[in-house]
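Engineer: In the order they appear, the protein sequences are chains A and B. Here the first sequence is numbered in this note's numbering, starting from 1 and rising by one per residue. Here the second sequence is numbered in this note's numbering, starting from 1 and rising by one per residue.
Accuracy of the hints is not assured; some may be wrong.
To be verified - Think about it this way: if two alpha-carbon atoms lie no more than 27 Å apart in a straight line, the pair counts; the simulated DSS-like pairs of lysine-lysine are:
| no. | chain 1 | residue 1 | chain 2 | residue 2 |
| --- | --- | --- | --- | --- |
| 1 | A | LYS23 | A | LYS43 |
| 2 | A | LYS105 | B | LYS60 |
| 3 | A | LYS105 | B | LYS129 |
Hints were generated in silico from the structure; no laboratory data involved.
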Amino acid sequence: MANTFQALADPTRRKILDLLREKPRLVGDLVDLLDISQPGVSKQLKVLREVGLVQVRIDAQRRWYELRPDPLIEVDTWLGAYRQLWDARFDRLDTYLSELQRNEKENDE
Amino acid sequence: MTNNSTVTIEQGDIIVERIFDAPRDLVWQAWTDPKHFMQWWGPQGFTSPLADIDLRVGGKYHLGMTSPDGQQTMYNIGTYTEITPPERLVFTQSMADADGNLVSPASMGMTDMPDETEVIVTLEDVDGKTKLTLRQIGFPESQMTDMAGGGWAQAFEKLAATLS
């Protein structure tokens with residue numbers, strides 16, 4: 001997961017992932033859309049491929065770059081576990097705070 | 001399962017936000033008074049055999065929670081590093097044993113968890129209610145991410161929406 005975070009930390013790489021999220025792209029398309037040099041785009045694609053966020057599909061002469069969701073699923077699952085933990089805990093805090101305030105009111109009457 | 005907390009990640013930190021229908025002072029008490037704290041911190045049905053809390057900067061805590069069937073007790077330890085009532089509480093958190101020694105998650109097969117995380121709790125008054133923001137940091141990834149990245153919590157949420 002560390003690699004996924006590292007890959008996501010760069011704004012250009014995030015833009016590339018956004019574009020691939022819409023549909024698979026050729027390097028040339030990404031160069032045009034991002035207004036970055038071809039070597040620059042290729043370098044970022046290499047990083048994204050190394051961490052498994054992007055894969056290449058070869059179709060005749062063309063190389064289509066596609067998004068791979070697996071690393072994102074891993075992070076989302078990890079995040080989900082924390083979401084559940086804190087949600088449940090805060091639900092109990094919520095209930096407890098309501099009880100406390102109800103008891104305070106009853107004591108005042 | 002309810003889903004009232006907003007959870008995002010920023011540079012490897014977990015950020016959780018929630019509004020509580022209670023005044024800030026009361027929420028602060030719930031976090032800092034041991035008799036209140038153990039009423040909600042542990043999972044449903046768990047009992048608390050132990051709640052040593054030394055609430056001062058540099059003070060430590062040692063908490064235990066026993067499962068409903070009485071078979072398993074989990075312990076946590078940590079140190080308070082900032083206490084600014086009623087708005088900011090910062091403490092470290094680790095797994096521990098009954099004697100208060102640190103237990104590494106890796107030793108229990110949890111390889112994505114660090115030995116110690118830091119938890120930052122801020123409470124904000126919002127028209128008599130309290131907005132609680134909790135930030136849990138110390139995940140290994142957070143040391144590796146580009147701090148100048150910025151805004152990638154939103155980026156991640158967008159990308160995560162791709163997932164089927």
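Engineer: Would you mind marking each hint as holding or not holding in the structure?
Structural biologist: We went through each hint and held it up to the structure:
1. A:LYS23 x A:LYS43: holds (20 Å)
2. A:LYS105 x B:LYS60: violated (34 Å)
3. A:LYS105 x B:LYS129: The hint holds at about 17 Å.
Of the numbered hints listed earlier, the single one contradicted by the structure is hint 2.
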